[in-house]
Amino acid sequence: MLDTSAPPAAAEISLAEIRWVGFRTIVIREYGRIIRIWGQTLVPAVVTATLYFVIFGSLIGARVGPMAGFDYKQYIAPGLIMMQVIQVSYANVVSSFFGAKFGKHVEELLVSPLPNWIIVAGYTAGGLLRGLMVGLIVTVVSLVFTRLPVAHPVALVAAALLSSVVFSLAGFVNAIFARNFDQVNWIPTFILTPLNYFGGVFYSVSMLPTWAQKVSMANPILHMVNAFRYGFLGASDVHVQGAFVLMLVLAVTLFALCVGLLDRGIGTRD
Amino acid sequence: MFALSTRALTKVYSNGVQALRGVDLDVEQGDFFALLGPNGAGKTTLIGIITSLVNKSGGTACVFDYDIDRQLERAKSCIGVVPQELNFNQFETPMTIVVNQAGFYGIARPEARRRAERYLRQLQLWDKRNGAARGLSGGMKRRLMIARALMHEPRLLVLDEPTAGVDIEVRRSMWEFLRGINDNGTTIILTTHYLEEAENLCRNIAIIDKGNIVERDHMSNLLRRLHTETFVLNTRDAVVSVPGVAGFVLRQVDANTLEVDISKEQNLNELFAGLTPLGIEVLSMRNKVNRLEEIFMRLVESRAGHA
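Residue numbers (this note's numbering), protein chains in the order written: chain S, 1 to 270; chain W, 1001 to 1307.
Next up, chain W with everything else stripped away, as it sits in the complex (with noise of 0.2 Å):
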């Protein structure tokens, strides 16, 4: 069984806009998955019929067997979604917004004031329950939706852009936070545009573009298939000239920076043997870009090339 199974997925919005082009997936039980794509792809039409926003054209779709054309509500109870933009009663108060999330899944208030202590503590929101939820900072207001999200005790909690505008100490948290939910067996679909988030947090990723799933596989086999990065080198001394260092090509970004691309077959011990023979000594080093992104931005590239 998977915790969501797609097949031949359509979606052909009123305007002609052809959102998604037959979409199969299927994401595991216990899986953090990334659904990345640029932005249109088809993402958040995708999340939006898993959790009924969006009325599908064609195709089916399955949350742990339960089909969303059959049994929609047993479907949905299993869901958790926390969604790109802000939805909830910015008048409310957290407390009040958590409480009544909970009893549109059926929990009884006595219950709900329970989960909603537990889980507004957990995101150290517990402190603003009572003030009104439109005075919360724009990372309080992400941890809420997570919170909400998670009243119900979802199988599979799905994640639009969940830290989106949110500062790097918070984000860091928040995917500590997300570790910890999905360790304790909590399926999770992630989009974000952050790729580093991605590679950091999911186990499994799809790639989709213009409607229709390019790439899927799992995150490690995907890096894999990385043949060349780009690594950056700070060195300790000024380098006067692009120094010479049998296969492989170096370049001089400023006095104290060069880059080089070495490729799979390639090791980094040959390149700084190669070096220190020439007084170059490196303080440090960094990927250029992130690995994901740059697999990302070339799928999609060379999509784009064959369109």
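This is chain S alone, in the form it adopts within the complex (with noise of 0.2 Å):
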């Protein structure tokens, strides 16, 4: 027979310690998601990461040289923790919210007294805490390549932190409208990828032909790498206020956006 003994009386929570600790718990929720697949949101960056410095850094970067006055080794390092730091914070947002979606448990959240900017605030730490861990973790790999000067650590800090929290949250937007898991892998096989690619992080612009370079600075990678570079280097193709000044506006935007999409109950409500 199951217990039925009286619950004590429940006391009114204010919304603001609601909010608060709905918050952490969602970023608990994550860490702990993290952690539980480490071999899926940890190992693979550190691996990939690892082939790019053995085979672009130490086998080819050998013959190309000296690039914008550094060595080969150190000048791709920035890009290559900021790449993963991009596509991880990206992947971690896109798959756990797509998954509380595809097994229902996002209805935990949704009938719960938390605010729709909270939900999307929660994910977002969590996409951002998985991008400076694997940041972190690339970081240590790339040292046992190269060395790595910190010419400018506010900057440093500033540009992983908010690149991450721009591509955690077009994981976001990617997840509300995806239907199926083809549709969670398409935007990163199909347009991130790419973008990563052509975002400067394994050459300077500045060898690419003046049609190049503009078409390029579309590219809002390129503007983070760049940025991030500049805070270990001191060196950028790019202006690097300019950089920071986009990474808020786009930051704001789709945070803004997100909520609205919640708002509306677009991918989540019927």
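Note that these hints are calculated values from the structure, not bench results.
Beta carbons are placed, not taken as given, at the ideal position from N, Cα and C, and that holds for glycine.
Take the hints with a grain of salt, since some may be wrong.
[Claimed, not checked] Distance condition first, Cα-Cα at most 27 Å in a straight line; then the derived DSS-like pairs of lysine-lysine:
| no. | chain 1 | residue 1 | chain 2 | residue 2 |
| --- | --- | --- | --- | --- |
| 1 | W | LYS1288 | W | LYS1264 |
| 2 | S | LYS104 | W | LYS1288 |
| 3 | W | LYS1264 | S | LYS101 |
| 4 | W | LYS1141 | W | LYS1128 |
| 5 | S | LYS101 | W | LYS1128 |
| 6 | W | LYS1128 | S | LYS104 |
[Stated by the list, open to error] Ranges of calculated distance between the beta carbons of each label pair, as one might list FRET restraints:
| no. | chain 1 | residue 1 | chain 2 | residue 2 | range |
| --- | --- | --- | --- | --- | --- |
| 7 | S | TRP20 | W | HIS1193 | 38 to 46 Å |
| 8 | W | HIS1193 | S | GLU17 | 35 to 43 Å |
| 9 | S | TRP117 | W | ARG1121 | 30 to 38 Å |
| 10 | S | TYR197 | W | ARG1007 | 54 to 62 Å |
| 11 | S | TRP117 | W | ARG1286 | 51 to 59 Å |
| 12 | S | ASP182 | W | THR1060 | 51 to 59 Å |
| 13 | W | THR1060 | S | GLY265 | 17 to 25 Å |
| 14 | W | TYR1013 | S | ILE60 | 21 to 29 Å |
| 15 | W | ARG1121 | S | PRO44 | 19 to 27 Å |
| 16 | S | VAL215 | W | GLY1138 | 54 to 62 Å |
| 17 | W | ASP1127 | S | ILE37 | 21 to 29 Å |
| 18 | S | GLY265 | W | PRO1110 | 33 to 41 Å |
| 19 | W | ARG1286 | S | ALA16 | 55 to 63 Å |
| 20 | W | GLN1090 | S | VAL154 | 24 to 32 Å |
With the hints as a guide, bring the two chains together.
The structure is reproduced here in structure tokens:
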């Protein structure tokens, strides 16, 4: 027989406390997911970064020579770190939120008193958390292959945080619209990967013809990689302040878009 | 103040289906309330609107006077939901699921762990707290969703088919549990296909059909409106021919089974008084169908006839 003894009377909790505890709970849950499936969430970035360093850095890089005045391995290291940060931030949110939709446990959040902006902030913080964890791990891998000075630490941290936030939010938008797992993989494969490769990770845009340089400027990842590289090496192909303004504008716009989509119930409510 | 109050609630889905057509419904605090209707009647849509899983098209809904348009967070913090379909992360443990759910309602983790122990023990899931939820049996998964819904100690508990697919024993122990929760002051709204469940548990009832509330009454009043009931009588000895008892129409089902329709004006003593001189000894008797089911079918069929 089930025990039916009386529960104590529930005390009313302030909305501010509900929001704060709720936000922390989403972040803790996301952290738990990252750790629970660490073989999928943390390890692949290490393997990929190591392969890039061995093949592009040590084998091909030895024949490339210096880039923008830096050893080639040193030049590509910030870009490789940023590439992994961007990819895992995006992947974390799109897979976690779409998985919650697919498994219907997103309803746990939708029926709760948490406002939509807290739900978006919580998932974004989860993406940021994984992005920073992977960023730190890949930085350690980089230090095995090359030396990385830190020219502008504030710019370095700000670029990592903002880039991760932007792509976490972009992953959230993808998850909202995705109806199946194909649509979860479509954007990372056909949009994110090309943008990464043309984002100045492996080369300086100054090597490109003028028209290609102009086209490259439309790629937000180019600005993020160069802002991050500026933080490490003090060198950038783009206007650094402009890159930060771009990241801020993207972050605010995408956050507003995500909240607006949840408010309207697109992809989540009937 | 009502636990739930809706006025002119409408829902038209994007495919043009009108699921709710101006639903006015009041559920009193402390009530154990049944919301019944055939498949597609609008029950789950109504619950979806109250719990904000479905956007309404028009009308108003208030939960303990909190308007879901203006005070949605407060309204939602009063509600616990046990949905029809399983909707927890099957890869997480029951402990994680219920503690996280408490967090979404602002309950800090130390208190959430205390409540988790209380509710997982009450629902006999404590031993399973650290295994993946996908390993639980169907009945355990249903109980886990009840434990999860209770973690923030809601004033209104909404149960959408809570005992679907669970065996009789578990269902009856869940009934006892829900009675206890209701006795302790929690208002409960229940939808179910098991009309016996509604008749046993609920004090008030609404029947919804084609998006309209077609009946709203006390359970006892509704059952009293049943003019005729069919009883099945099991006899000790085989009955050779259909017995004639003045005022009653009996039918023979098989050698030891008779059926009789009894109207509200008749009483069973007269029937037995007529059977005894004929040497027919009745061993047991039962309603042919659940009384609520009979009313429900009559209401729904009569509306279908008018449509």
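Cross-check of the supplied hints:
A hinted pair counts as satisfied when its Cα atoms are at most 27 Å apart, and LYS1288 of chain W with LYS1264 of chain W qualifies at roughly 16 Å. Using a Cα cut-off of 27 Å, the hinted pair LYS104 of chain S and LYS1288 of chain W is violated, with the two alpha carbons roughly 40 Å apart. Restraint check for LYS1264 of chain W and LYS101 of chain S: the C-alpha separation of about 52 Å exceeds 27 Å, so the hint is violated. This hinted pair checks out: LYS1141 of chain W and LYS1128 of chain W have alpha carbons roughly 11 Å apart, not beyond 27 Å.
A C-alpha spacing of about 25 Å is found between LYS101 of chain S and LYS1128 of chain W, which places the hinted pair at or below 27 Å, so the restraint holds. In summary, the hint linking LYS1128 of chain W to LYS104 of chain S is supported, as the alpha carbons are separated by about 22 Å, within the 27 Å threshold. Look at TRP20 of chain S against HIS1193 of chain W: about 41 Å separates their beta carbons, and that is inside 38 to 46 Å. For HIS1193 of chain W and GLU17 of chain S, the Cβ-Cβ distance of about 39 Å falls inside the hinted range of 35 to 43 Å, so the restraint holds.
Distance hint check: the CB atoms of TRP117 of chain S and ARG1121 of chain W are about 36 Å apart, consistent with the given range 30 to 38 Å. In this structure the hint that TYR197 of chain S and ARG1007 of chain W lie 54 to 62 Å apart at CB holds, the actual value being about 58 Å. Between TRP117 of chain S and ARG1286 of chain W the Cβ separation comes to about 57 Å, which falls inside the hinted range of 51 to 59 Å. Evaluation of the 51 to 59 Å hint for ASP182 of chain S and THR1060 of chain W yields a failure: the beta carbon distance comes to about 41 Å.
Distance hint for THR1060 of chain W and GLY265 of chain S: a CB-CB separation of about 18 Å, consistent with the stated range 17 to 25 Å. Separated by about 57 Å at the C-beta atoms, TYR1013 of chain W and ILE60 of chain S break the suggested range of 21 to 29 Å. Between ARG1121 of chain W and PRO44 of chain S the beta carbon distance is about 41 Å. The supplied range of 19 to 27 Å is therefore violated. Checked against the hint of 54 to 62 Å, the C-beta distance between VAL215 of chain S and GLY1138 of chain W comes to roughly 57 Å, which is consistent with it.
One distance hint, 21 to 29 Å for the beta-carbon pair ASP1127 of chain W and ILE37 of chain S, holds here, with the actual separation near 26 Å. In this structure the supplied range 33 to 41 Å holds for GLY265 of chain S paired with PRO1110 of chain W, their Cβ-Cβ distance being about 34 Å. Here the CB-CB span from ARG1286 of chain W to ALA16 of chain S is close to 57 Å, well matched to the stated 55 to 63 Å. For GLN1090 of chain W paired with VAL154 of chain S, a C-beta distance near 44 Å fails the hint of 24 to 32 Å.
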